[in-house]
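Chain by chain, the residues:
Number of protein chains: 6
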Amino acid sequence: MLSLCTFKLNDSEIKLVMPEARFAEPLYTVIDQDRESLARYLPWADAMNSVQDELNFIEFARHQFADRKLFLFVITDNRQPVGMIDLHNVNFDSHSAEVGYWLASSSQGKGIMTNALKQMIINIQPELQLHKITVVADVDNIASRSIPQRLGFTHEAVLKDHIFSNGQYHDADTFIRLFD
Amino acid sequence: MLSLCTFKLNDSEIKLVMPEARFAEPLYTVIDQDRESLARYLPWADAMNSVQDELNFIEFARHQFADRKLFLFVITDNRQPVGMIDLHNVNFDSHSAEVGYWLASSSQGKGIMTNALKQMIINIQPELQLHKITVVADVDNIASRSIPQRLGFTHEAVLKDHIFSNGQYHDADTFIRLFD
Amino acid sequence: MLSLCTFKLNDSEIKLVMPEARFAEPLYTVIDQDRESLARYLPWADAMNSVQDELNFIEFARHQFADRKLFLFVITDNRQPVGMIDLHNVNFDSHSAEVGYWLASSSQGKGIMTNALKQMIINIQPELQLHKITVVADVDNIASRSIPQRLGFTHEAVLKDHIFSNGQYHDADTFIRLFD
Amino acid sequence: MLSLCTFKLNDSEIKLVMPEARFAEPLYTVIDQDRESLARYLPWADAMNSVQDELNFIEFARHQFADRKLFLFVITDNRQPVGMIDLHNVNFDSHSAEVGYWLASSSQGKGIMTNALKQMIINIQPELQLHKITVVADVDNIASRSIPQRLGFTHEAVLKDHIFSNGQYHDADTFIRLFD
Amino acid sequence: MLSLCTFKLNDSEIKLVMPEARFAEPLYTVIDQDRESLARYLPWADAMNSVQDELNFIEFARHQFADRKLFLFVITDNRQPVGMIDLHNVNFDSHSAEVGYWLASSSQGKGIMTNALKQMIINIQPELQLHKITVVADVDNIASRSIPQRLGFTHEAVLKDHIFSNGQYHDADTFIRLFD
Amino acid sequence: MLSLCTFKLNDSEIKLVMPEARFAEPLYTVIDQDRESLARYLPWADAMNSVQDELNFIEFARHQFADRKLFLFVITDNRQPVGMIDLHNVNFDSHSAEVGYWLASSSQGKGIMTNALKQMIINIQPELQLHKITVVADVDNIASRSIPQRLGFTHEAVLKDHIFSNGQYHDADTFIRLFD
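Chains as they are written, first to last, in this note's numbering: chain A, 1 to 180; chain B, 181 to 360; chain C, 361 to 540; chain D, 541 to 720; chain E, 721 to 900; chain F, 901 to 1080.
These are computed hints drawn from the structure, not numbers from a lab. Honestly, I wouldn't trust all of these hints.
What the hints assert, rightly or not - Cut-off 27 Å, straight-line C-alpha distance, at most; resulting in silico cross-link-like pairs (DSS-like, lysine-lysine):
| id | chain 1 | residue 1 | chain 2 | residue 2 |
| --- | --- | --- | --- | --- |
| 1 | B | 188 | B | 290 |
| 2 | C | 520 | D | 548 |
| 3 | B | 188 | C | 368 |
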């Protein structure tokens, strides 16, 4: 299991790992259970309708990783997958990338994602020579917005109607961090 | 020659057309002549170093068009290519896209790009069912910023260090238009 | 909607346009309604059995267009797709190509295809530097044969058993036009 | 060495074999020696300018063979490659194909190609269920035209300006054979 | 039908031929009839569950042949396919390859496979410049092991748990032949 | 930097990491310095002739990793690449794989490779559900042979003329470890 980083959180060992085929089933189970809350803010959730869909996405992500277009990690808690975090829209000309993430409802509230984002940045920003990392979050998604705020990201902008989910447009906040 | 639209401007017939292999040479000539001014704001200009580079880009754009990932048009003035305009980062989930464009210095100041953007939107927004079209321009690129302003786009945000060109980071303005 | 050309015919605006995914459904409906008459002379008609088949063909045609191997256009009448016209077997060594076309029965008899072929040639022959354009038609397909004849094509040959459709071989006439 | 067929001709053993990488060098030598006479009627001859060009063509032909789009054989005389014969424009809908061939000048006049065509047809026509096989030859290329005539092919048509070689257009004769 | 070689055996004409789409059905019938005995030693047999599976394998083998990665031949007896023989793990750096084969039960005991292996080697070893050819056979598969032994191969090694079939691991014997 | 595992060895932190483009230059430098000793036993060494060659290999390995065909890791010592270790010939049917490795001469003699192999197995064998792992080493390559021996691998066989390097054939020992 290839991992970007590992950290302890209470009695949990959290890892950010390369997506593997064997994660398709447990990840789909989580998504299916949390479908309603995920779909409120994340457009892809309603299109993920089978273990095969998740497997296809994992294969896609592995090849995008090989091509350095998407750096997507499965978050495991004591070896169980509980969510994902990624860098997408990676632009090696402007040295910038955007963060995406989601976490199983049963794993929320423990600081997993805040630490996952922190550790992902520590471990991948120098290697990719990123100058700017942006988190985009639905203005109403308090859980999601709080993560970059806790890590000292700066609020940059409100993007109008940036997300279409659950049948309507939502504004999004962008939070940024710059690196020398 | 496949065209998206045609319009008259004084004694010029302006067309937005599919990129063709035969445009590689005249487009490269324009880029090479205007290299200094283009490279001030556009990161790709310094990497376009031969007719073959331009041809490769045209082939890439044709296939991206077939895949509906990039809608790039060559702007012709009385059949001579003078610039490009495109929709990229097209997101069919959020019904949004971003505009890019550049124009030969010798063709600037005549309203070509303002009309090209206007016509591109009229002709392609309904078909792609776009809700939001964004123009991103270097804060110092007055010529570029003026185009969405003339067309009534709304200023949405200043994106910090969004562009890296000519060896330094530049802030960018985003201008948006929403459609029902 | 990228178009090669537009022309008026009585109260109709006819366009030759790039095939788009959204045409799959209306085109399939037309083919399904006219299946019997189309299959009499066109071998592909019996193999087009679902909207998905038509969509696959459209995707194929878009990529063939990007590769300059097939130039296929949907014919629209007041924005409704009513048929197709194309250049295939395009040979850039011998500067030659072959024309293919079909039209919904409800749109026949109005001069649409004769004008479509005329306009396609005007708009694409110079760009592709074609010296010879050939129309191949079943000797019994009066509607199809009449089109190149009306446009002054020269009868070149009868090709024996050139078409296999509806379970039997059919001779074909070739009509040609040469360009300097 | 995969072969379609083998036959004796005087003291020569002639084979029609799958193109192999090791043929690139001897085939290129032959083409280079006969370039002037080949280029008179065959458009590709002037574009074959190195052993690597020939190797690329062999690789292309092997993959086209795997895809059943081109059935191209190297003709060997006592294991030395002396020419090629192929079926191209294979159409499994109309059960038809077109023959192409060329032979080193030093191997001409011995009946090699006439027998090669005869044997290729015997060995491949039933398997591909071809109804019609067409030979297309420059009207002035006496050597080439004589081959289908010797094998009892029927003259079908004269195709106007069908070939562009040596800077001018040439008419072509088509000779056909039909199979039940 | 491209063949590597042909030989007589009593009143049978045996050929080693390129895999063709039309073999999928008869080969699948044989595999399905002999499934139990094949699956005892050959891991792939239980995964071959339809004519389409066999067709997919044939297409795969044709492309691998074009790429010179797998040289797989169908064995025909009086034009009926009765088995397969191949060279896989072909290593052009170490000039080595491994042999695989299987034969319909109704065709066994006549010397077909022993002669097929002998002829395959005669016809392909010089061309591929192979120094070492290895046959790997389940230690309990008497029929399979006897073939290289009859042809004078040397026993090289016993590979522990080399094959997993029928739910358990099997040791394998390797038999080798070296060429100058 | 994605890593499979990390371990301490004296004052060195050793990691097995995903190959990255930025490793191409330091790896090539090492290979070029050790070319003579590497080429004695490793056939690829003489074909690695530029940083670009190494970069191409890294890109190849990344895509093979995405496809689960090759699991190749760069070994870093305090973040400097000093060698590679991999699993190739991974067979998910027989649950087996083969190990390959090489180490810069300046890093040898410290136990790096013995520990790297041990850690690679601990971290990847359960996930890939491997039953058998084989190390193949030139019989004369004492350094290479000693590694599986130190880790308690069983000697399985001597493979005759298994490796062709430095212009001659070499026998190879295979050492195996089985897992439940």
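Status of the hints after comparison with the structure:
1. B:188 x B:290: holds (12 Å)
2. C:520 x D:548: Given that 27 Å is the threshold and the Cα spacing comes to 34 Å, the pair is violated.
3. B:188 x C:368: Judged against 27 Å, a Cα distance of about 20 Å means the pair holds.
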